[in-house]
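Number of protein chains: 2
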Amino acid sequence: MLYAVIPAGGAGTRLWPLSRASHPKFLHALTGTSASLIQATVGRLGGLTSPDTTMVVTGASHAADVARQLPDLPAENVLVEPLPRDSCAAIGLAAAVIAEREPEAVMGAFPADHLITDVQAFQACVLAGVSGALAGKLMTIGITPTRPETGYGYLRCTSDEGQVREVAEFVEKPDKERAAAYLQSGEYLWNAGMFIWRVDAFLAELARQQPELHDGLRRIAAAWHGPRRDDRMAEIWPDLKKISIDYAVMEGAAAQGLVGTVPGEFGWNDVGDFHTLGDILPGDEQGNVVLAADDAKGEVVLRDSEGVIVVPRSGRLIAAVGLRDAVIVDTEDALLVCPRDRAQEVKAIVDGLKERGATDLL
Amino acid sequence: MLYAVIPAGGAGTRLWPLSRASHPKFLHALTGTSASLIQATVGRLGGLTSPDTTMVVTGASHAADVARQLPDLPAENVLVEPLPRDSCAAIGLAAAVIAEREPEAVMGAFPADHLITDVQAFQACVLAGVSGALAGKLMTIGITPTRPETGYGYLRCTSDEGQVREVAEFVEKPDKERAAAYLQSGEYLWNAGMFIWRVDAFLAELARQQPELHDGLRRIAAAWHGPRRDDRMAEIWPDLKKISIDYAVMEGAAAQGLVGTVPGEFGWNDVGDFHTLGDILPGDEQGNVVLAADDAKGEVVLRDSEGVIVVPRSGRLIAAVGLRDAVIVDTEDALLVCPRDRAQEVKAIVDGLKERGATDLL
Chain P
1 MLYAVIPAGG AGTRLWPLSR ASHPKFLHAL TGTSASLIQA TVGRLGGLTS PDTTMVVTGA
61 SHAADVARQL PDLPAENVLV EPLPRDSCAA IGLAAAVIAE REPEAVMGAF PADHLITDVQ
121 AFQACVLAGV SGALAGKLMT IGITPTRPET GYGYLRCTSD EGQVREVAEF VEKPDKERAA
181 AYLQSGEYLW NAGMFIWRVD AFLAELARQQ PELHDGLRRI AAAWHGPRRD DRMAEIWPDL
241 KKISIDYAVM EGAAAQGLVG TVPGEFGWND VGDFHTLGDI LPGDEQGNVV LAADDAKGEV
301 VLRDSEGVIV VPRSGRLIAA VGLRDAVIVD TEDALLVCPR DRAQEVKAIV DGLKERGATD
361 LL
Chain G
1 MLYAVIPAGG AGTRLWPLSR ASHPKFLHAL TGTSASLIQA TVGRLGGLTS PDTTMVVTGA
61 SHAADVARQL PDLPAENVLV EPLPRDSCAA IGLAAAVIAE REPEAVMGAF PADHLITDVQ
121 AFQACVLAGV SGALAGKLMT IGITPTRPET GYGYLRCTSD EGQVREVAEF VEKPDKERAA
181 AYLQSGEYLW NAGMFIWRVD AFLAELARQQ PELHDGLRRI AAAWHGPRRD DRMAEIWPDL
241 KKISIDYAVM EGAAAQGLVG TVPGEFGWND VGDFHTLGDI LPGDEQGNVV LAADDAKGEV
301 VLRDSEGVIV VPRSGRLIAA VGLRDAVIVD TEDALLVCPR DRAQEVKAIV DGLKERGATD
361 LL
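Chains as they are written, first to last, in the UniProt record's numbering: chain P, 1 to 362; chain G, 1 to 362.
Fair warning: there could be bad hints in the mix.
Identical copies carry no separate label here, and so any pair may be met within one copy or between two of them.
[Stated by the list, open to error] Straight line, CA to CA, 20 Å or less: simulated EDC-like cross-link-like pairs of lysine to aspartate or glutamate:
#: 1; residue 1: K354; residue 2: D304
#: 2; residue 1: K354; residue 2: E285
#: 3; residue 1: K354; residue 2: E299
#: 4; residue 1: K347; residue 2: D304
#: 5; residue 1: K347; residue 2: E299
Keep in mind that the hints were calculated from the coordinates and are not lab data.
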């Protein structure tokens with residue numbers, strides 16, 4: 001049985017005004033169904049795990065929403081970060097807590113805010129990753145690139161073929177030219193932040209590279225199932241090193257030949273902005289995508305419009321005439337309209353709101 | 001002193017979702033100031049008339065709003081049509097009521113839903129029209145065409161020059177080719193539905209061409225200032241002929257050489273749709289026009305956008321990035337987004353709502 005760890009953080013600024021600090025993107029139904037992203041993340045693991053062996057690591061302000069959206073999850077499996085301490089502390093805490101229960105367990109980390117359309121292909125990759133993990137490797141699932149993307153980090157593999165490959169190094173986000181060369185070579189995969197390993201193998205690398213962080217997490221985990229959990233957290237967590245898991249562990253492990261990867265092709269999308277979301281979700285004959293919430297009452301009337309992405313969340317009628325490739329996000333207190341190819345710039349709007357202290361809209 | 005008659009009818013379907021059957025366009029602040037169109041219509045008559053000599057003719061469902069928006073108007077000057085009976089009955093009733101007070105008074109009819117930017121030039125035209133009216137003519141104010149418009153009727157003049165001209169005939173909305181020829185010739189003016197005449201001269205023509213309509217209106221007017229007003233209205237009004245004033249009186253009067261016109265160039269706009277509205281109102285440096293209501297709380301953030309017309313009426317934040325020549329109309333229960341050059345097609349949305357019986361949105 002696989003332990004599944006779901007890191008649930010990140011505001012999803014480029015999905016404003018839907019995604020807010022108080023209700024970030026993983027809590028929203030951006031899947032084309034009534035499931036939220038985090039519900040879909042748990043759901044697509046299907047028979048590979050169970051509620052008892054599924055853990056979410058999330059911020060204090062989202063714990064209640066997570067608990068309600070995943071009612072089958074035991075309460076102690078919602079790991080609440082009192083303060084954000086980046087991905088190494090978050091994933092490392094889960095690994096340490098799992099190790100308390102089962103020291104040689106295999107765990108996979110699957111971010112709460114990704115979309116995957118081909119669940120069967122995804123599960124096959126996870127199973128291949130588990131094989132590598134059982135052999136002692138720190139495995140990742142890498143995404144076979146489909147375009148020269150400059151927004152992601154890459155994994156450089158030692159080969160351009162094979163269902164399981166060795167990772168030579170973790171590569172930063174490239175410029176356009178490099179991204180094109182990476183795509184061409186076939187040796188590079190997108191780093192999607194999905195990991196699979198035996199917790200003992202991971203914790204050994206953590207102890208080697210980040211001994212203080214390792215010891216702190218171990219001490220918290222030792223108290224996890226007893227009465228001193230909160231005290232330990234309060235005492236240790238705030239002083240833990242803020243560092244990403246790639247910097248803290250994976251790069252060093254790759255240099256030691258300890259990291260493997262499974263190239264995945266399963267319709268992966270990190271739901272970065274409304275434009276890319278519209279590319280992956282099924283639309284009508286004109287390519288219009290309406291992302292209605294489960295309890296949506298409002299209607300959407302699109303007349304002679306193509307490639308329009310509508311997110312109706314206010315219950316009002318939304319009418320458009322003659323629109324092409326536009327985004328309309330309609331919430332109770334804010335409306336966004338932009339061309340699809342400008343959807344990334346929504347971040348600038350949010351930055352402007354921050355500067356002005358318009359916190360109720362963030 | 002000029003009697004001013006303000007016909008206040010018409011739903012303004014192409015201004016949906018702002019303009020509604022229950023709150024049509026003349027009640028809205030579409031002037032670039034906090035004044036509604038009807039308030040601006042009364043306001044621009046300035047010293048030419050007074051509240052005592054200003055009358056509004058409107059439907060029963062708008063009487064209360066009109067009375068509140070024009071608090072200085074005596075109550076008996078709000079002429080309420082129990083049922084719509086087209087423009088000849090509406091304007092004719094006002095003429096007959098004025099004739100009861102002052103049989104040789106000069107009245108002008110100025111529709112409640114037009115925008116005029118150069119008030120001084122407008123007033124000069126009105127005064128020129130009054131001169132013609134005092135000489136016994138049925139005067140109109142014609143608009144000097146600025147484009148080959150196919151959406152208006154035209155006045156064919158007997159000359160292409162002069163501050164006052166004779167109107168040879170009223171011409172229907174032309175096709176593109178004819179409209180271009182009209183523009184070229186200089187002999188054609190747009191028929192803007194603005195009239196100035198001595199009420200005795202108008203009523204004589206009405207009696208000659210529409211004797212039944214004339215007699216009915218005269219009988220209602222005779223009872224206007226007494227206790228039998230409502231009875232007379234109920235008895236006579238519903239059976240009055242439904243006919244426009246152009247068909248009923250003006251075309252026949254023109255054939256008799258009785259109609260004159262004053263060509264006007266004063267930034268006239270009939271507020272037909274949001275596109276043309278955006279052309280006439282002052283925008284920011286990028287040509288964006290925000291039509292905020294007086295009590296608007298919501299904010300509009302336009303980032304790298306040009307030529308966008310925003311009508312914020314819900315109090316929400318409206319944010320746009322990278323938009324060009326678009327229309328955003330944001331009301332409590334409905335949102336419209338379209339390119340400016342498709343703004344006329346909003347009517348099709350409204351027709352669709354009618355077909356489906358979505359009366360609360362009309």
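Structure-inconsistent hints, enumerated in ascending order: 2
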